[in-house]
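Q: Sequence:
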Amino acid sequence: MIKYVLLNLKDQTDSNDLPSILTEMNKFLAGNFAQIADTQEGFDVATPNELSDILDNWFDKSAEIEEILANWKESGLGVATFPTDSADEFNKQIENKFDASVGSEDDPKAFERISKSLELQPSEIMYVSSSEDSLDAAQRAGLKTVRLFSKPIRDSKHRVASSLRDIGLA
0 MIKYVLLNLK
10 DQTDSNDLPS
20 ILTEMNKFLA
30 GNFAQIADTQ
40 EGFDVATPNE
50 LSDILDNWFD
60 KSAEIEEILA
70 NWKESGLGVA
80 TFPTDSADEF
90 NKQIENKFDA
100 SVGSEDDPKA
110 FERISKSLEL
120 QPSEIMYVSS
130 SEDSLDAAQR
140 AGLKTVRLFS
150 KPIRDSKHRV
160 ASSLRDIGLA
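Be aware that the sequence shown starts at 0, since it is given in numbering that gives the first Met the number 0, and climbs by one per residue.
Worth flagging that the hints you see were computed from the coordinates, not collected in a lab. The beta carbon of each residue, even a glycine, is placed where N, CA and C say it ideally should be. Hints should not be assumed to be uniformly reliable.
Within a straight-line C-alpha distance of at most 30 Å, the following computed DSSO-like cross-link-like pairs (lysine-lysine) qualify [said to hold, decoys possible]:
#1 K2 with K156
#2 K115 with K143
#3 K2 with K115
#4 K108 with K2
#5 K72 with K156
#6 K2 with K72
#7 K156 with K115
#8 K108 with K72
#9 K72 with K143
#10 K156 with K143
#11 K108 with K143
#12 K2 with K143
#13 K108 with K156
#14 K115 with K72
Here are the in silico distance ranges between beta carbons for each label pair [stated by the list, open to error]:
#15 E73 with R153: 30 to 40 Å
#16 E73 with D132: 14 to 24 Å
#17 D154 with E66: 29 to 39 Å
#18 D154 with E73: 32 to 42 Å
#19 R139 with K2: 16 to 26 Å
#20 K72 with R153: 19 to 29 Å
#21 M0 with A160: 11 to 21 Å
#22 G75 with D154: 15 to 25 Å
Given these sequences and hints, build the entire structure.
A: See below:
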């Protein structure tokens, strides 16, 4: 039975990394929107309404993620995350939803230390990430693994879920 979930939100390369994409897009648009709108040299420019729709979608997903994390914790699951660089703002927003932050996700020994410090068997911990390499390390340490990705994936050695809700823990 799974008693603890480790999340790695750092390596998301599609819509799951929307906070960093939107941050960069907003920085760029703030300084260059008028120039881009005037020239439209091969760019697809998001209108303010389209950008608003994108942001609304992101905040809907953010609220859903917070709800899922709260449900997991209420059901008795422990939840932790690896530190990230690309989604810092998002992580600040949800940091109080986690029990702990842990070290490098590429080293099986990190997962062994986590298991030992939690006083759990590795098989009682689920690691969720989009990084095949970090999932491999977790699997070598004996953790259950789920690859989080919104597009179909072939040839993954790990269970694949398109959202945290699809994992179905609580």
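Q: None of the hints should be skipped; say for each whether it holds.
A: Against the structure, the hints:
A C-alpha spacing of about 22 Å is found between K2 and K156, which places the hinted pair at or below 30 Å, so the restraint holds. A hinted pair counts as satisfied when its Cα atoms are at most 30 Å apart, and K115 with K143 qualifies at roughly 15 Å. In summary, the hint linking K2 to K115 is supported, as the alpha carbons are separated by about 14 Å, within the 30 Å threshold. About 20 Å separates the Cα atoms of K108 and K2, which keeps this hinted pair within 30 Å; it holds.
Under the criterion of a C-alpha separation no larger than 30 Å, the hint pairing K72 with K156 is consistent with the structure, at around 28 Å. The hinted pair formed by K2 and K72 meets the criterion: a straight-line CA distance of about 10 Å does not exceed 30 Å. Our distance criterion of 30 Å between C-alpha atoms is met by K156 and K115, whose separation comes to about 25 Å. A threshold of 30 Å between alpha carbons decides the hint, and for K108 with K72 the separation of about 26 Å falls inside it, so the pair holds.
Proposed proximity of K72 and K143 is supported: the alpha carbons are some 18 Å apart, at most 30 Å. Restraint check for K156 and K143: the C-alpha separation of about 11 Å stays at or below 30 Å, so the hint holds. Simply put, K108 and K143 have alpha-carbon atoms about 15 Å apart, close enough for the 30 Å limit, and the pair holds. For the hint linking K2 to K143, the alpha-carbon distance of about 11 Å falls within 30 Å, and the restraint holds.
Taking the CA atoms of K108 and K156, the gap is near 20 Å; set against the 30 Å cutoff, the hint holds. For the proposed pair K115 and K72, the alpha carbon gap of about 20 Å is at most 30 Å, so the pair holds. A beta carbon spacing of about 35 Å between E73 and R153 agrees with the range 30 to 40 Å that was offered as a hint. Taking the beta carbon of each, E73 and D132 are about 32 Å apart, not inside 14 to 24 Å as hinted.
In this structure the hint that D154 and E66 lie 29 to 39 Å apart at CB holds, the actual value being about 32 Å. Between D154 and E73 the beta carbon distance is about 36 Å. The supplied range of 32 to 42 Å therefore holds. At about 20 Å, the CB distance of R139 to K2 agrees with the hint of 16 to 26 Å. For the pair K72 and R153, the beta carbons lie near 34 Å from each other, so the given range of 19 to 29 Å is not met.
Taking the beta carbon of each, M0 and A160 are about 18 Å apart, inside 11 to 21 Å as hinted. In this structure the supplied range 15 to 25 Å is violated for G75 paired with D154, their Cβ-Cβ distance being about 34 Å.
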